[in-house]
Amino acid sequence: MEYSVGSIAPIFLAPVLAFVINAFFGRRLPRNGDWVAVLGVFISFIFSARIFGDFVFGKFATDYYIHKTFTWLDLSYMDQVWKFDLGIYIDNMAAIMLLMVSGVATLIHLFSTWYMDHDPRHGRFFTFLPLFTSAMLGLVLSDNLLALFMFWEVMGFCSYSLIGIYYEKEEAGDASIKAFMTTRVGDVFLLLGIVAIYMVIGSVTYTDIYAAIAEGKFAGQSVLGIGLATFTGFCLFLGAMGKSAQFPLHVWLPDAMMGPTPGSALIHAATMVAAGVYLSLRMYPLMVAGDLTAFIAIIGAITAFGAATIALVQTDIKAVLAFSTISQLGYMMIGVGVGSYNAAFMHLITHAVFKACLFLSAGSVIHSIHEQQMPKMGGLRKKLPYTFIAMFCCSLAIAGVPFFSGFVSKDRILGDALYWGFMAGQNPMLAIVPILGFAGAFLTAFYMFRMIFLTFFGTPRDQHIYDHAHQEHLSFTSNVPLLILTVFTLGFWYAGSLTGQGIVNVMGAKTEWFKILVEAPQVEKFVGSEAKKTPFIEPTTYTETLPVAVLDGQTGYAGPNPDEHKIHSAHVIGAVASIIIALTGIFLAFLMYVKGAIKPLAPKFPGYVRTLQNRYYFDKVYQDIVIKKGLLGLNRLLAWFDMGIYDRFAVDGWAKVNRVLFRIAKWFDNVVIDAVGVDGAGVAVNLFNLVLRIVQSGKIQFYFIMLIVVLCSYIWTLNF
Amino acid sequence: MISLASYLVISLILFVAGITVMVARKNLVAILLGVELVLNAAALNFVAYSRYLANNLDGHIFSLFIIVIAASEAAVGLAIVIRFFQIKDTIHVDEATQLRN
Amino acid sequence: MFVQILFGLSALLTISCVIGVVATRNIMHSCVFLLGTLLGVAGLYATLGADFVAVTQIMVYVGGVVILMLFAVMLTGGKDFVSKAQNLLGLAPTMGNKWTYSLAGLVALVFVLTNVKLLSNIITDAGPKTFGNEMPSTVSQLGHLLVKDHVLAFELSSVLLLGALVGAAIIARPKKKQ
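Protein sequences, first through last, are from chains A, B and C.
All the letters of the first sequence, read from the start, carry residue numbers 1 to 720 under the numbering used here.
All the letters of the second sequence, read from the start, carry residue numbers 1 to 101 under the numbering used here.
All the letters of the third sequence, read from the start, carry residue numbers 1 to 178 under the numbering used here.
Since the hints were derived computationally from the structure, they do not count as laboratory data.
Worth double-checking, as some hints may not be accurate.
As the list claims (entries may be wrong) - Heads up, incomplete: computed chain B residues facing chain A, CB under 10 Å, no partners named: (1) 4; (2) 5; (3) 71.
What the hints assert, rightly or not - Pulled a few chain B residues facing chain C out of the computed Cβ check, cut under 8 Å: (4) 16; (5) 44; (6) 70; (7) 97.
Think of the CB as a built atom: it goes at the ideal place given N, C-alpha and C, for glycine as much as any other residue.
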């Protein structure tokens with residue numbers, strides 16, 4: 001196969017072009033250029049599909065990749081090397097992710113053309129959304145941390161713009177700044193980690209990092225008393241925590257719901273928040289080398305469980321989904337920490353699909369009844385049949401009901417977590433992780449179906465809203481994207497067997513394509529990967545015999561102490577437990593909200609409920625204590641310094657210096673140049689003229705004297 | 001015995017006087033007077049040297065020729081002066097400053 | 001003995017008449033003083049044993065050139081002029097006043113010193129080489145030299161004289177009246 005930049009670049013460039021066109025000409029285009037954005041993303045989807053087809057249907061082995069690099073910045077001087085290469089790195093994981101991102105993005109763009117039709121911010125939305133998509137695609141394509149960071153920041157900016165898109169609302173502005181600042185805290189550490197890696201290795205390319213880990217360059221060095229691998233891994237993970245809304249940097253995601261729902265669907269559900277998980281997956285060998293996996297798992301578990309508890313008491317439909325997103329991201333982090341690399345990635349993909357569908361459906365509901373609070377909804381099943389189908393299936397998926405994609409991925413994570421926590425022979429305190437994981441799964445099922453039942457079942461609580469709700473018709477832009485996404489929430493697309501190790505082989509082992517293709521990078525294989533880098537511009541033909549992956553009992557578990565049989569049994573236990581938990585949760589929700597058989601528990605625990613409603617007071621703590629009491633003082637000091645000292649002396653002082661310099665220059669110009677130079681030249685010429693006039697008098701006697709004088713002086717100088 | 005130096009001193013005085021006259025007088029004819037003095041000084045020098053340093057009469061020959069040439073030069077020069085007088089009606093040397101007209 | 005006296009008298013005549021040439025304002029007086037100078041020089045030639053040259057000097061110079069000068073003076077008005085003020089920024093001295101004489105004197109002094117330095121060796125060593133104290137007649141020797149060794153100069157000088165004659169005549173021709 002031949003891969004040239006021309007076959008890969010459109011994935012990134014088509015949405016960028018859509019952004020540029022919409023940015024400059026959006027207003028002049030019909031419908032503010034939303035079709036330009038759709039087209040751009042669709043083009044990148046086509047190219048991604050081609051790569052996906054090559055990689056997946058060609059069944060490339062997990063260590064096969066395309067790597068094209070070019071030198072972006074070379075500041076080397078003599079024997080000091082300061083080189084930054086950029087490039088493209090595509091392996092199985094990237095191929096799958098490209099397809100997911102571009103596919104989901106295309107469907108969301110399509111849906112948005114209907115959703116944002118009469119929105120005052122129509123044009124702006126369709127300017128930033130393709131930019132964001134291109135940044136995410138670029139992040140997936142990039143082969144090094146620096147490019148990743150660049151796209152990370154672009155996505156942060158797009159998120160900021162889209163959250164604050166209704167800029168007349170003060171809360172929207174505040175929310176966008178909050179999002180940006182919270183992720184900024186993480187980004188600072190991410191940059192620190194990247195710099196640290198560069199100082200150690202001299203490169204930030206993934207393959208170089210893996211090779212360096214294999215060669216032990218990270219071992220034995222320490223920064224501030226912490227091991228180097230731990231330090232850099234921690235810094236990188238902090239960036240991921242900020243972006244993927246892990247505890248304690250999760251506070252921005254619920255407020256980000258101020259943005260338009262399709263934007264939230266793409267950014268805060270499917271892609272941007274997944275970037276943090278993607279980074280953790282790519283840097284997994286570094287995390288392992290730094291012994292950070294337990295930390296990651298614990299953070300993930302806390303996030304997963306905590307967000308699930310908060311989601312129980314939310315009344316805004318988008319808030320439920322926001323906390324659900326935070327919770328599921330926590331599951332992905334559990335996966336990363338536990339060593340369930342393959343399953344974490346699969347959960348990322350499946351979550352993106354069903355969460356996007358959920359958000360779009362919520363958008364459809366909101367669009368039809370113009371109301372976001374669930375207490376005012378009810379019985380919308382008849383008015384919004386297609387939305388109901390989509391939302392119901394996706395909720396089944398997220399709850400972890402068998403035969404749906406969410407079950408496949410989440411159950412694998414939980415099974416591996418079970419093994420890791422109880423059976424892998426580690427610190428028994430780490431068993432809290434699978435416990436929280438299963439508890440969170442129960443809560444997930446419960447609150448998701450609480451949402452479904454409150455929205456679509458029962459009698460309408462607000463008759464006025466129900467009567468004015470628009471009846472849904474099947475249309476290309478409003479329903480079909482939802483249904484397409486719903487189709488992909490079915491489990492068989494991802495795995496033929498229901499869970500790991502082919503417990504129930506529904507369609508045969510051959511369909512375990514996902515598990516085969518994605519595996520934690522084994523650093524030993526990357527030693528000497530320098531040779532595999534191909535130049536960027538030329539088309540690269542990969543002529544070596546391509547290794548084909550086979551299912552040979554990989555467990556997908558990359559954590560410590562793998563024992564195949566124990567893992568297998570853990571997965572069986574986990575599968576059974578998951579099914580029981582999920583069905584119990586759904587049943588309880590059914591009882592409580594449809595049948596009304598169980599009275600709501602909320603009034604019995606008012607204290608707890610209030611805590612949950614205030615989201616564990618995280619926002620308050622951050623705002624009042626950290627910012628008002630802590631940072632504000634420093635802020636004022638810096639402001640005083642900036643304005644009082646720096647501005648006064650440096651800026652104004654510089655102006656005074658400039659004025660003096662100007663006067664000097666003026667004097668110089670007038671006196672030296674004009675008087676001395678210009679006039680002086682004239683005077684000098686005049687003087688010379690005077691001398692000449694004397695000599696050339698025409699008087700014979702004068703000439704004669706001149707002659708004598710010259711002769712005498714000549715003789716004299718010759719002889720003396 | 002009269003030394004060579006005395007003759008040289010006399011010729012020197014003649015020479016200097018001739019230069020002075022040439023430089024200082026404003027009458028064209030006076031300038032020619034000065035020229036004559038200079039030439040005489042030179043001729044005296046030649047003869048003196050031929051008597052004191054050389055064993056032949058080359059100095060005498062040269063002096064004779066100096067006399068001849070001086071005479072012809074005086075004649076021509078005075079002719080020019082007369083011409084100048086015919087044109088300019090004066091023989092003030094400061095009038096002779098232009099090359100044309 | 002006689003030579004010394006003759007030398008002394010001739011030198012005295014020469015120098016005093018030269019001073020007269022330089023100092024008198026009247027051109028006529030200058031010409032007459034020139035005449036006296038040339039007579040003195042002739043006497044000096046005689047003390048050097050250059051009898052032919054002395055006589056030629058008297059005949060040509062005194063009897064020819066000076067007379068010619070006197071004629072010219074008569075023909076051109078015979079005035080001596082005072083120099084017009086030529087003060088060029090006070091820098092260059094004007095001609096014909098004491099400054100000019102001083103300058104000329106200075107130049108002369110420099111010239112003298114130069115020559116004295118140059119010729120000091122020669123002058124101190126020199127003694128009369130020819131004839132001891134005898135001074136034979138030089139006429140016949142000169143005649144031989146003129147037509148044997150210096151015949152070219154002799155012939156050329158005759159051409160020169162012809163040219164001078166003709167040229168002077170043409171130059172000084174009176175203007176044709178219209």
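Checklist entry - When the nearest CB of chain C is found for residue 70 of chain B, is that gap smaller than 8 Å? => result For residue 70 of chain B, the interface hint holds, since the closest Cβ of chain C sits about 7 Å away, which is under 8 Å.
Checklist entry - With 10 Å as the cut and Cβ atoms as the points, is residue 71 of chain B at the interface with chain A? => result violated, 22 Å
Checklist entry - Against chain C, is residue 16 of chain B within 8 Å by beta-carbon distance? => result Residue 16 of chain B check passes; min Cβ-Cβ to chain C is 4 Å, inside 8 Å.
Checklist entry - Is the shortest C-beta separation between residue 44 of chain B and chain C less than 8 Å? => result holds, 6 Å
Checklist entry - Should the hint that residue 97 of chain B touches chain C count as held when the rule is a Cβ pair under 8 Å? => result Check failed: Cβ of residue 97 of chain B comes no nearer than 11 Å to chain C, outside 8 Å.
Next on the checklist: Take the shortest C-beta to C-beta distance between residue 4 of chain B and chain A; is it under 10 Å?
Outcome noted: Residue 4 of chain B check fails; min Cβ-Cβ to chain A is 21 Å, beyond 10 Å.
Checklist entry - Minimum Cβ distance from residue 5 of chain B to chain A below 10 Å? => result It is violated, given that the least Cβ distance between residue 5 of chain B and chain A is near 19 Å, above 10 Å.
Of the numbered hints listed earlier, those contradicted by the structure are 1, 2, 3 and 7.
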